[in-house]
Amino acid sequence: MGGGADGVAYFGNLETVSKKAVSFLKKQGYVKSMINWGDKFSLWPVHLMTSCCGTEFAAASGPRFDLERLGFLPFGGPRQTNLIVIEGTTTLKMARSVRIVWEQMPAPKWVIAMGACAMDGGIFYDSYNTVPAKDIVPIDIFLAGCPPRPEALARAVVMLQESIVKNRPPAADIQVTAAPATPGPKDVVEAVSK
Amino acid sequence: MTGRKNNRIKGHVDALATGFKYLAEPNRMTLNYPDESMNLKDNYRGFFAVKDKTCIGCSLCEIVCPPKAISMLDLTDAGGKKKKRPMIDWGLCIFCYFCVDICPTDAFQTSQVHDKAFYSETEYQTVHGEPMQYPYDYSKRPDYKEIYESFHDVAPDDPSAGSKKVVPKFDKKRGIKYEHPGQP
Amino acid sequence: MTAASRVITGITFTTDEAKGIFEVEASDGAHLLDLATRLKAAGFDHCLSVTAEDLGDRLAVLWHISSYTNRELSGMNAQIRLVVSKSDNVEVPTLTGIWESANFLERETYEMFGVVFKGHPDMRRLLLPDDFTGKWPMRKDFPLKKTPWRVQK
Amino acid sequence: MIQILSLLMSVSLVSFIEYILPPILYIIVFPGLIVVLLMLFFMIWLERKVAAKTQLRFGPLYVSKRFGGVIQTVADLIRFSFQEFIIPAGADVFAYIQAPGLLMAFGLLPLIFIPVGPYYANIFPANYSLLIVVPLIIITPIYVILLGWASDNKFSFVGSMREAFLVISYEIPLILSILSMILLYGSVNAINGVSFQIGRGIPGIVLNPIAAFLFLVVMIRTTGRFPFEISEAESEVVMGPYTEYSALFFGIGMSLPYIELYSFSLLFSVLFLGGWWPIVPSAAAASGVVGGLLLPGLVVFIKALIVMAFLVFLRAVYPRYRIDQAITVGWDQAVYLGFAAVALSMALVWSGLV
Amino acid sequence: MSAPQDRTATANLTYDELAGLKADRELVLLIGPAHPGSGHMKIKVWMDGDIIQRVDPDIGFVHRTTEKLSENRLYIKAIPIVERVMLPDTINANLAYVIALERLLGIEPTPRAQYLRTLTSEINRITSHLYGIGLYGIFLGSSTVYMWAFADREPLIDLIEEISGARITYSYIIPGGVRWDLPAGFKERAETVLQYMEARLKDYGKIWVRNPVVMDRTEGVGVVSKSDAIRLGITGPNLRASGVDYDTRRAKPYAAYPNLDFEVPTFSEGDCYARLLQRVEEIEQSIRIIRQVLKDIPDGRIISDDIYSKMNPLQKRMYEMKHRVMFPAYMASMRPAAGRSTASVEAGRGEIFFYLVSNGDKVPFRFRWVTPSFLNLPFFTHVMVGQHLADLPAIYGSSDYFPPEADR
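Protein chains in written order, with our numbering: chain A, 1 to 194; chain B, 1 to 184; chain C, 1 to 153; chain D, 1 to 354; chain E, 1 to 408.
It should be emphasised that the hints constitute simulated quantities derived from the structure, not laboratory data.
Careful, some of the hints might be misleading.
Calculated pairs, SDA-like style, for lysine to any residue (alpha carbon to alpha carbon, straight line, at most 20 angstroms) [to be verified]: (1) Lys187(E) x Met197(E); (2) Lys295(E) x Pro258(E); (3) Lys53(B) x Asp106(B); (4) Lys10(B) x Lys202(E); (5) Lys41(B) x Lys322(E); (6) Lys172(B) x Arg288(E); (7) Lys53(D) x Asn27(B); (8) Lys322(E) x Lys177(B); (9) Lys177(B) x Asp35(B); (10) Lys173(B) x Thr192(E); (11) Lys206(E) x Phe41(D).
Make a model of the complete structure from these sequences and hints.
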């Protein structure tokens, strides 16, 4: 209880102690499974409609397929969300805002590439204004279909939940993306429009 | 129905009454997907696979495919003769079924599988081996023969096979009702 | 091709009724403005589309017009055609003064074909990002991304 | 150290239960922190479930299928607490971190001064309860404005300005509606108010319906429920003052509307719905903790739940007003309504009907 | 982040000096693509207090270069491209392109195919209007209307899914006719869905159309007079809501519309509320048209003889047995004679215009099309000025502007 000789309490520097305690606790089995359970049932996608698959994303949170049953609540700002669904083609302008929104989101974040256009470019594969989603952000789940049915989006969310529970780290932590931190005006545009 | 001058009190009461009506007896039309999944009609355009026997390798399907998802592979069949067979890349395919309809010998086996998703590129572009570089050309891959073997005549696996299959029915009051084929 | 023609409100159109083509050719900028004002007065009060065609060394600029109020004229999509040489800066008078809806349409044609519309209130890029390095993407000489045709010859 | 120990030995166990336990129990358990936390989880889940039911769908379900997804908010809280916390570069760091904490503190303060049982008089000085509750309720939104001001974001700036306009425009109607009830009950002490209603057998809402309706409107405005959800309007200013907040600070900040909803509906049921009306504790029972606090408190809590459920249901029915419409309602119709309420109370008291 | 301006500079200014600093009072809001109220575009808004001074819509976020792609691909490949641009209303986009292509090829579809095209186009018009009402609801804050509208879309989407086999992107109309015929028992099921829709419209009326809060938010907001509507060139229900009696189905008849009787509803006020009422009226008109089409749809073949004669025997047998149209090889190698054609179709949001030029090659020489949302852009630049910030989503939702369709 009493102060030490030079005023440093027995606990040592509180800053480092708390950081060590947190990292230690996070590695424990029960805490990790609790975090996974929390992330699993609270996957809030950010409200960013990149292109026309957005209609199926909206129909998925509609009454018939209602993904809010799985805890999938489309939310306004990027700060409070942990999932970004790239719906369809990402043009040059949209690639920049997808990248910026992806960087604004807090740490454990996942990405679902929805639709053929986000996977390999789909029907707009050789247009001078589109960028494959793989070059913008690391992707966790690829979803086939054009547009994929809302059930397919539900299947992607269920698969993502399974991978979270199985402690599979989000793609954001594994591979740094090929593209630079923020696709500056020059590099994304040159990469495509040459 | 759409008069402009409506009195406000009646408007508020109507809105709240309708809200309570739907709160009291909610006619939900929700399909709780991971446990139940829909039995779609047999003309639904889902995943499909090529029938090796009936295909004559005319590559009409490759010419007509809007997103160039089909690429023809040079193979040799059992008798040693050369043959060309299509290979479909699910990352490009838009399920418009132009290829299925233009095929002169109707050589595509269609199915109603509609909700497949993949963890990584290797799962849909190739069965094994690393993901291909853009632009994709299966014919340049060394192992395209095994890829084709695992692709033709193989009914696509239905991820929601385990769940209860229900049949959607139209209903005057609830819009869509789901009936289990077993019970009435 | 039978060059049928039909006189509508004092202006002769070369027509192809089955295909829905009613065309009038303007010789130069001044003639274009005069034609447009006469057509607007005649009842064509809606500009549907402004576009261009890349004819190798020349550019044909097209305005498609139709009518909202005049019962008889609203049944057809007329078009005014003006052919200009494809020098590096192609100058064409703007018709936003006559049809206000041509504002965004002309900006898009400027961005895609490089047709500068003199007198346009807000002549700048519309669809592509500001730092897009390609020039006039809709012209025939602008290449698409190279993807090999995959039929194995 | 020694003096404290000796004092503790001298106090006998019975007097400990009599004098020291109830205030702690009052603050920590009943209308205090634990019930607030439980109410927070339940109310957010109820809002999503009720809105979903009127929208032809299930709300959160797969979290716990048998209980209809009740612990969905627990899952959200866990996710928020283990998420990375981002401080924007341009934010005023000191205010940015302090704001949610102050927000929660001032949101909880009014709960202490709302009496939920006749025994309340023995715990806290009850004869100033309403006088302390009203200013505390008015102070809370200032920290919402601090939230928006600290995070350097245009949308949070516009959101906090909207909150400021709305707070000022709805202060007078709030004070007028409570003033008319004080006039009616003749005392600032809410316990006298409830005994007044029980004595007459008529709940406050019947005595002065105008004040009740006005208080309801102000309640909808301060807790940001539809149709007054203007400072966090999603389609105009993304999340209003809360846009830049992530992780647990967003969780704390976003819980303020629900805490205010809880304190307001407690106040509403005490002032207008006759407090602990069916249970009329005799003088002897009133002195005991159980009879004087827990049982009547339960009745007040159930009435508060009903009021909260109605307010939460409004999300499924109404879109939102525009900011200038809400301010004009606040400044002229609501203030006239307030004068009418006060006039009605004075008329009732002067004519001796009551 | 820019350094915080020197706040003391304006602290000791008197009020009118402050008013003089107009630029300092202005606030520029970038309602970017990642904003719940902006859709796929960035809206730059200059604001003075709560009043909008100037709006500059920065579109092109979903510009997928459909014209350039279609000019380098076979004629048949443009059908899926044209559909992906107008996703809530795919049949009308597909119909517009195919009419222009048929005029180029000189092919006539059979009467039954014309009726099938009208049937699916009207069903898709209702789903497109419901999509618009749903987004309008979420922009004004009522998530219930968004959920109800998307719930009522589902039975209608299932109707066309029964015919064509896909959920939204049908690629149903091909030059010469349509690809599938009506399944058995379709008429009774369609009748149930229409009755469900009519019952639901009454509930919309109570909770949304006559909701006082909605009327406060939309009456007198974003007024477009009749002359302004024509001058700005807006199209579709927004035009008819301002009193202009123009409908492409009546002015430039196509498909089976000449022998169907339907009224064209118009309103005169031209404000956000009139546009909402206009869409609800048009849903009722579409229900009437669908009933007429189902009543007197002629029998016969669903593909014209030019295409049927080119099919090989197996495909002909498949058509006779299962009424399933298979493509002859001609489809992949169409070479229309050199010429030009234009086509106009009334889609849910307004008039689609097509202009095709072919020089006898396998790929079109010039592929030009204008979508209704591109013509509705003046809603941002002209109608939103002078309104409150909260009116921006109200006007945006009432104009039913769909950014991927405008950027093409």
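Notebook entry, point to check: Has the given pair, Lys322(E) with Lys177(B), been kept, meaning a C-alpha gap of at most 20 angstroms?
Noted result: Measuring from Cα to Cα gives roughly 28 angstroms; hence the hint is violated.
*Does Met197(E) lie within 20 angstroms of Lys187(E) when you go C-alpha to C-alpha?*
Measuring from Cα to Cα gives roughly 15 angstroms; hence the hint holds.
- Within 20 angstroms, alpha carbon to alpha carbon, are Lys295(E) and Pro258(E)? Measuring from Cα to Cα gives roughly 16 angstroms; hence the hint holds.
Worksheet item: Is it true that the CA of Lys173(B) sits at most 20 angstroms from the CA of Thr192(E)?
Response: 9 angstroms, holds
* Do the alpha carbons of Lys206(E) and Phe41(D) lie within 20 angstroms of each other, as the hint requires? -> 32 angstroms, violated
Exercise for review: Decide if the proposed pair is consistent with the structure: Lys177(B) and Asp35(B), CA atoms, cutoff 20 angstroms inclusive.
Suggested key: Between Lys177(B) and Asp35(B) the Cα gap is close to 16 angstroms, so the pair holds against 20 angstroms.
Within a Cα-Cα threshold of 20 angstroms, do Lys10(B) and Lys202(E) meet the stated pairing?
Given that 20 angstroms is the threshold and the Cα spacing comes to 15 angstroms, the pair holds.
Hint check: Lys53(B) vs Asp106(B), CA-CA at most 20 angstroms. Holds or violated? Holds, because 11 angstroms separates the two Cα atoms, which is no more than 20 angstroms.
Review point. For the pair supplied as a hint, Lys53(D) and Asn27(B), is the alpha-carbon distance within the 20 angstroms limit?
Key: 9 angstroms, holds
Exercise. When you check the alpha-carbon spacing of Lys172(B) and Arg288(E), does it fall within 20 angstroms?
Worked result: OK: Lys172(B) and Arg288(E) at ~17 angstroms, within 20 angstroms.
Given the hint that Lys41(B) pairs with Lys322(E), does the C-alpha gap stay at or below 20 angstroms? 14 angstroms, holds
Violated hints for the displayed structure, listed by number in ascending order: 8 and 11.
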